[in-house]
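Colleague: Line by line, the protein sequences give chains Y and Z. The first sequence begins at 0 in numbering that gives the first Met the number 0 and counts up by one. The second sequence begins at 0 in numbering that gives the first Met the number 0 and counts up by one.
Simulated from the structure, these hints should not be mistaken for lab results. It is possible that part of the hints are untrue.
Stated by the list, open to error - Calculated lysine to aspartate or glutamate pairs in the EDC-like style (CA-CA distance at most 20 angstroms, straight line):
| hint | chain 1 | residue 1 | chain 2 | residue 2 |
| --- | --- | --- | --- | --- |
| 1 | Y | LYS119 | Y | GLU232 |
| 2 | Y | LYS87 | Y | GLU138 |
| 3 | Y | LYS321 | Z | GLU166 |
| 4 | Y | LYS318 | Z | GLU228 |
| 5 | Y | LYS318 | Z | ASP415 |
| 6 | Z | LYS34 | Y | ASP292 |
| 7 | Y | LYS200 | Y | GLU160 |
| 8 | Z | LYS340 | Z | ASP306 |
To be verified - If you want a taste of the chain Y side facing chain Z, the calculated C-beta under 8 angstroms gives, among others:
| hint | residue |
| --- | --- |
| 9 | GLN301 |
| 10 | GLN303 |
| 11 | LEU357 |
| 12 | LYS376 |
| 13 | GLU378 |
Beta carbons: idealized from backbone N, C-alpha and C, even for Gly.
The lines below spell out each chain.
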Amino acid sequence: MKLKSFIDNFTATSLAIIVHVVLLGILVLSLDWSNPASPPSSRVEPVKAVVVDESEVAEEIEQIKRREEKKRKNEEKRTRALEREAQKAREQRREEEKRLSELQRRLAEERHKRDDNARKQQEEAAKALAEIRRQRARELEELEKLKRQESDVEKRRLEDEAALAVLAAQHKALTDEKRKIEEAKRRAQAERKRVEEQTRKAKAAREAEQKRVAAVAAAAAAKAAEDKKRKQEAAEREAEEQRKRAEAEERRMEEERKRAEAEERRKLEEKALREQMALEQAQLDAQRARLRDRNLAEYIGQIQATVNRNWIRPPGATKGLKCTVKVAQIPGGEVIRVVITNGSGNVAFDRSVENAVLRSSPLPQPKDPSLFDREIKFEFEPED
Amino acid sequence: MIAKMNRRLAPILIAGAALLAASWSHTSHAELIIKITQGIEGAQPIAIVPFGVRPGSQPPPQNIATIISNDLTRSGRFSPLPAGDLPSRPSEAAAVNFSDFRILGTPSLVIGKVKRLANGRFKVEFRLFDVFRGVQVTGYELDARPDELRRIAHQMSDIIYEALTGERGAFDTRIAYITELRSGGASRYALNVADSDGFNPRVVLESKAPIVSPAWSPNGRQLAYVSFEGKRPRIFAQNLGTGTRQVIAAFPGLNGAPAWSPDGKRMAMTLSKDGNAEIYIMDVDTRRLRRLTVGAAIDTEPAWAPDGKSLVFTSDRGGTPQIYRIPATGGRATRLTFDGKYNSRATFAPDGKSLALVHGSKGTFRTAVLDLENNALRVLTKTTLDESPSFAPNGSMILYATSGDGGGTLAGVSADGRVRQELATRQGDVREPAWSPFRQP
Chain Y
0 MKLKSFIDNF TATSLAIIVH VVLLGILVLS LDWSNPASPP SSRVEPVKAV
50 VVDESEVAEE IEQIKRREEK KRKNEEKRTR ALEREAQKAR EQRREEEKRL
100 SELQRRLAEE RHKRDDNARK QQEEAAKALA EIRRQRAREL EELEKLKRQE
150 SDVEKRRLED EAALAVLAAQ HKALTDEKRK IEEAKRRAQA ERKRVEEQTR
200 KAKAAREAEQ KRVAAVAAAA AAKAAEDKKR KQEAAEREAE EQRKRAEAEE
250 RRMEEERKRA EAEERRKLEE KALREQMALE QAQLDAQRAR LRDRNLAEYI
300 GQIQATVNRN WIRPPGATKG LKCTVKVAQI PGGEVIRVVI TNGSGNVAFD
350 RSVENAVLRS SPLPQPKDPS LFDREIKFEF EPED
Chain Z
0 MIAKMNRRLA PILIAGAALL AASWSHTSHA ELIIKITQGI EGAQPIAIVP
50 FGVRPGSQPP PQNIATIISN DLTRSGRFSP LPAGDLPSRP SEAAAVNFSD
100 FRILGTPSLV IGKVKRLANG RFKVEFRLFD VFRGVQVTGY ELDARPDELR
150 RIAHQMSDII YEALTGERGA FDTRIAYITE LRSGGASRYA LNVADSDGFN
200 PRVVLESKAP IVSPAWSPNG RQLAYVSFEG KRPRIFAQNL GTGTRQVIAA
250 FPGLNGAPAW SPDGKRMAMT LSKDGNAEIY IMDVDTRRLR RLTVGAAIDT
300 EPAWAPDGKS LVFTSDRGGT PQIYRIPATG GRATRLTFDG KYNSRATFAP
350 DGKSLALVHG SKGTFRTAVL DLENNALRVL TKTTLDESPS FAPNGSMILY
400 ATSGDGGGTL AGVSADGRVR QELATRQGDV REPAWSPFRQ P
């Protein structure tokens, strides 16, 4: 009955085999067809053989072969993809490195900024590093996941293998050509071994890759640590320099303050000196002004005496008459012009005034030449 | 007769003045102000250079410069430089060296020249310079007969006087006066008219009877006087040009002290026709009389105020002769003089602000001036027997008669009393001078 259902379900069975083989091909990373076929397994139990068309089996085997080939190619593709992924990871790292160097550059740029800024930057760098580490961890996790998935595949493969063994046994039982079946079995076995080998190799490659990745990660970490250390050192140096600069600034400020104090003292002294000088100048000026006043009074007195002597008032009532004249003189006292600015209305009186000034020419000269004025105003007004 | 010369000089003077004003206007106010309150009251120095005569030609009969010099001196306002002190004697404007006269402190300079013309007339040119400014003040050229030369000189004096004092000169005016010549117990009286300096005397009327109280008509063409011809005093008015005369007042008793009103239409006089000497005003044309004063006292010697609205007169109504003032329309007389026991013969100054009068005190009679504004009486003369003071028409001088060694003489005193001098006339006993009004053209 079981056999009958098998036959009934031959197509389905064939399909199942194909599927399993494809799955197996997907799982196997590399297949080495050049390896000599190992002898067929003696553990295969004889099964109730059913005659099947040999050409069918051959075709089927051919198909399997083709599928294996396809699987192999896929596996190769996958390996290349993995390699590309690794490459991508490397590139990513390089990019990270680039980013780190960019950060470094920026840090370097911002070195002149305050300490806390630097610290912040360091923290940021640390954060970035942590992020990188986290990313790296995520990548590792990803790899772990991949590994887990692989082991799942392996499990399923093993299950499939068992099914295949059943199928092979059934197949052997069914075929006349046990040898061929055996061969098929052997080949299947060899195939399995090869797959195993391939799996192992893949595993080894994976492990190597993992190791390599780990090494890279370690290297990156080391580098990061190194970078961190360098940065820390740089930061420390920066801090040191900052401190030194601050000290220098403080010293400079102190000197500045001392200089300012000295300047202030100097200014105060200068101010005191100036005030003293101004006081002396004022005293001198006052003295000069007194002398000038005395000279002026003397000058005016001399002019008055001269003009009075030369003023011949017209006889008769001149009381109440007043005549103002503007007199222009040149250095030396020579009168060059007399103009009545406010006449008395009495022609004779006004004329006598003009003549008095003109007769007085040249007018007396002041002792102090600065008292000389080109213009003098005279007010003629008889007292009696 | 007079050709104005300064007309063509005027633009130059004006231009010069404008230039002075322009250069002056932008200057700032004088900082130094000096008050002059003393000075010396006195005559203004003036240099009058003898007028030039063409060399070889006969000198003119009159010394023009001397006449001018005497005129100006007599006014008391000017003090001409003695001829001997003149530093130079230019007669042409171009020859004037102003610095010569500046050194002397002489502000004014008069030069001129006389030229005898072929027709016997003279051409006289004169220029007045402002020495300190070096400019001509005025200048004229006048043409005259030989007998007009003195008058020409007086006219020049007037021009100079007016140019330098601003007041009209009164040199070209006349004086009237009475002379008495005694010979062999008999006296001859004469009414004379002479130039203001006493020169050129001319007898207007001669009489054996006394002539008194000459009075000029306002236009200067007539003289009124009192003549005792026919043994009784009568008032006559005589035309000086024609010599004709007419009786103005011949009332019973005293007819005396005629005085023309300023408008010449009326004459104030003293009449005793009503028994007592009173002041009357006659309308000259109608001869109608109006009595001005009433009372038992003697009222005489009326004199018109320049505005014709009032008169002053002498009255003894207060016990002694004093001056009173009364409106021309009549009414109450008010006494003006209170100084001393004798004040008489008052006459108004041309400006109406003062009176000249004879002030008697302790046996002397002197010319005095009463200031009508403050009633101050100021004696001007030192002579002892002055009479008949008379103002020059410009008010600058007072002419009066006084008793000298040979009898009465004419004397003049400046209105301020500063300059006194006798006039040149020596024609016996001179009395009652009267100064003419300004000449009318």
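Colleague: Hints first: check each against the structure and report whether it holds.
Modeller: How the hints compare with the structure:
no.	hint	result
1	Y:LYS119 - Y:GLU232	holds (15 angstroms)
2	Y:LYS87 - Y:GLU138	holds (12 angstroms)
3	Y:LYS321 - Z:GLU166	holds (18 angstroms)
4	Y:LYS318 - Z:GLU228	violated (50 angstroms)
5	Y:LYS318 - Z:ASP415	holds (13 angstroms)
6	Z:LYS34 - Y:ASP292	holds (17 angstroms)
7	Y:LYS200 - Y:GLU160	holds (19 angstroms)
8	Z:LYS340 - Z:ASP306	violated (29 angstroms)
9	GLN301	violated (10 angstroms)
10	GLN303	holds (6 angstroms)
11	LEU357	holds (4 angstroms)
12	LYS376	holds (3 angstroms)
13	GLU378	holds (5 angstroms)
Violated hints, in rising order: 4, 8 and 9; the structure is consistent with all others.
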